[in-house]
Amino acid sequence: MHKLKPITPLGGDTPRVDTVGSITITEVVDQALASVAARNDQAGAVQKALADKIGLSLPEVGQSSQAAPYAALWMGPEQWMVMAPHDSHELLAAELKQIVADTASVSEQTDGWCRFDVQGAGLCDLFERLSNAPVRTMGSGTAIRTTAEHLGVFLWRLAEDHMAVLGPRSSAASLHHGLLAAAKSIA
Amino acid sequence: MIINHPLLGPRDAQEFTYLGDASLLNRPDWQAEDAAEAFHDYLYLRDNPAGEHRELWYHEQGDRSWLVVTRNTLTHEILKVELARDVAKAAGKAAQ
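Chains A and B supply the protein sequences, listed in that same order.
Using the working numbering, read the first sequence as starting at 1113 and increasing by one per residue.
Using the working numbering, read the second sequence as starting at 951 and increasing by one per residue.
If you're looking for bench data, these hints aren't it; they were derived computationally from the structure.
Fair warning: there could be bad hints in the mix.
[What the hints assert, rightly or not] Using 25 Å as the maximum straight-line C-alpha spacing, the simulated SDA-like pairs for lysine to any residue come out as follows:
(1) A/Lys1209 - A/Ala1157
(2) B/Lys1039 - A/Ala1150
(3) B/Lys1030 - A/Gly1156
(4) B/Lys1039 - A/Lys1296
(5) A/Lys1115 - A/Ser1282
(6) B/Lys1039 - A/Ser1282
(7) B/Lys1039 - A/Gly1174
(8) A/Lys1160 - B/Ala1000
(9) A/Lys1209 - B/Ser1015
(10) B/Lys1030 - A/Pro1189
(11) B/Lys1039 - A/Ser1217
(12) B/Lys1030 - B/Ala1000
(13) A/Lys1160 - A/Glu1220
(14) B/Lys1039 - A/Arg1128
(15) B/Lys1039 - B/Thr1025
(16) A/Lys1209 - A/Ala1163
(17) B/Lys1039 - A/Asn1152
(18) A/Lys1160 - A/Ala1150
(19) B/Lys1039 - A/Gln1154
(20) B/Lys1030 - A/Glu1207
(21) B/Lys1030 - A/Pro1246
(22) B/Lys1030 - B/His990
(23) B/Lys1039 - A/Ala1157
(24) B/Lys1039 - A/Gly1156
(25) A/Lys1160 - B/Leu957
(26) A/Lys1296 - A/Glu1139
(27) B/Lys1030 - B/Asp979
(28) A/Lys1115 - A/Asp1130
(29) B/Lys1039 - A/Arg1151
(30) B/Lys1039 - B/Asp991
[To be verified] Derived coverage of chain B by chain A (criterion: at least 3 residues anywhere in the stretch with Cβ under 8 Å from a Cβ of chain A; other residues may be distant):
(31) 962–970
(32) 1011–1023
Ideal Cβ positions, reconstructed from N, Cα and C, are used throughout, including at glycine.
Kindly generate the complete structure, drawing on both the sequences and the hints.
Below, the structure is given as C-alpha cells:
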C-alpha cells in the first residue's frame, strides 16, 4: 500500500500564511478548478445549462460570478474557469461535464494552479509593483489575466482589500517570492 | 506599445506575441487542382508594405485570443484591432 501524502503548491504540509506589515498572503489549497470552453455556437446553451442546474450564471468579459458553493471567472471568449470547494467537489470536472454534455469541453485544472489570497490595506501599492494590470480601477468581482513575476496569472479582486492570485502551480514558489518581495517593499 | 483589445481594452504589448501577416488566415483549399502552387504562395510569398499592414497577434498572457491588428509600419500607429475569429467568420460568409 502506497503511503501518499498530499503537499501544498509550496511543498508544505499545511498552507503557508505570511504577514508583512499590513499585508497577509495566504496559500489557498481548498478549491477545485475546472475550465469550461463552449463549443462552436454553443455558448448560450452552456450558460443556460449551468444556470438551470447549479444556478451559476457565467460571467461577462473580465468579470466573475458566484453561486455558493460555485464561483466562475471569465478566461477568454466563451471560456470560463469554475471553482468549488475541493472537499465537496473533488470531481468538479466530471460533475460539470455531466451538466454541459456536448455543448462544452471541460478540463480538470485543480492541480495546474496555485492560489494566493492577498489581503490588507495597500493592496494596490503591492500589485502595481508586481504587474501592469490597472488594479486601482478594478472593482470587486473583476478578474484580469496578466503577468506578474514573469508568470501568467489571474488577478481576481474579491473585495476592496482582498485579491486572489491564481498562477501556475509549478512556479508557485516564484510567484510567492514575487508577492513577498512586493509586500516587503511597501511595508 | 499599447494594443487596444476589442474585448479587454488597452493592454500592454508585452502580453502579446506576434505571428505575422494576417493573410495566414486565408489557408488555400488542399483539394484544389493547383493546391501545391497555392500552398507555396501561402507559405512563402508576403507583401512587405511601408505603411498599413494587417498582422496576427496572440494575447498569450491574457485571454488567449488571436487578433488581427492593422498597424502602420512606418509610424507604428495601430489603426484597428479585431478578433481574428470575427474576421475569419466574416470572410467565410463572404466567400459562400
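Hints and how they fare:
1. A/Lys1209 - A/Ala1157: holds, 13 Å
2. B/Lys1039 - A/Ala1150: holds, 17 Å
3. B/Lys1030 - A/Gly1156: violated, 28 Å
4. B/Lys1039 - A/Lys1296: violated, 49 Å
5. A/Lys1115 - A/Ser1282: This hinted pair holds, its Cα atoms lying about 23 Å apart.
6. B/Lys1039 - A/Ser1282: Violated, at about 37 Å.
7. B/Lys1039 - A/Gly1174: Judged against 25 Å, a Cα distance of about 24 Å means the pair holds.
8. A/Lys1160 - B/Ala1000: Roughly 49 Å between the alpha carbons, so the hint for A/Lys1160 and B/Ala1000 is violated.
9. A/Lys1209 - B/Ser1015: holds, 24 Å
10. B/Lys1030 - A/Pro1189: holds, 19 Å
11. B/Lys1039 - A/Ser1217: holds, 21 Å
12. B/Lys1030 - B/Ala1000: holds, 17 Å
13. A/Lys1160 - A/Glu1220: holds, 21 Å
14. B/Lys1039 - A/Arg1128: Violated, at roughly 48 Å.
15. B/Lys1039 - B/Thr1025: Violated: B/Lys1039 and B/Thr1025 sit about 30 Å apart, past 25 Å.
16. A/Lys1209 - A/Ala1163: With a Cα-Cα distance of about 14 Å, the restraint between A/Lys1209 and A/Ala1163 holds, given a limit of 25 Å.
17. B/Lys1039 - A/Asn1152: holds, 12 Å
18. A/Lys1160 - A/Ala1150: holds, 12 Å
19. B/Lys1039 - A/Gln1154: holds, 16 Å
20. B/Lys1030 - A/Glu1207: It is violated: about 41 Å lies between the C-alpha atoms, which goes past 25 Å.
21. B/Lys1030 - A/Pro1246: holds, 22 Å
22. B/Lys1030 - B/His990: Roughly 29 Å separates the two Cα atoms, so the pair is violated.
23. B/Lys1039 - A/Ala1157: Holds, at about 20 Å.
24. B/Lys1039 - A/Gly1156: Holds, at about 18 Å.
25. A/Lys1160 - B/Leu957: Status holds; Cα separation ~22 Å.
26. A/Lys1296 - A/Glu1139: holds, 17 Å
27. B/Lys1030 - B/Asp979: Violated, at roughly 28 Å.
28. A/Lys1115 - A/Asp1130: violated, 30 Å
29. B/Lys1039 - A/Arg1151: Cα-Cα ~15 Å, so holds.
30. B/Lys1039 - B/Asp991: holds, 23 Å
31. 962–970: The restraint on the stretch 962–970 of chain B holds, since 3 of its residues have a Cβ under 8 Å from chain A and three suffice.
32. 1011–1023: holds (count 5)
Against the hints set out earlier in the document, violations occur for numbers 3, 4, 6, 8, 14, 15, 20, 22, 27, 28.
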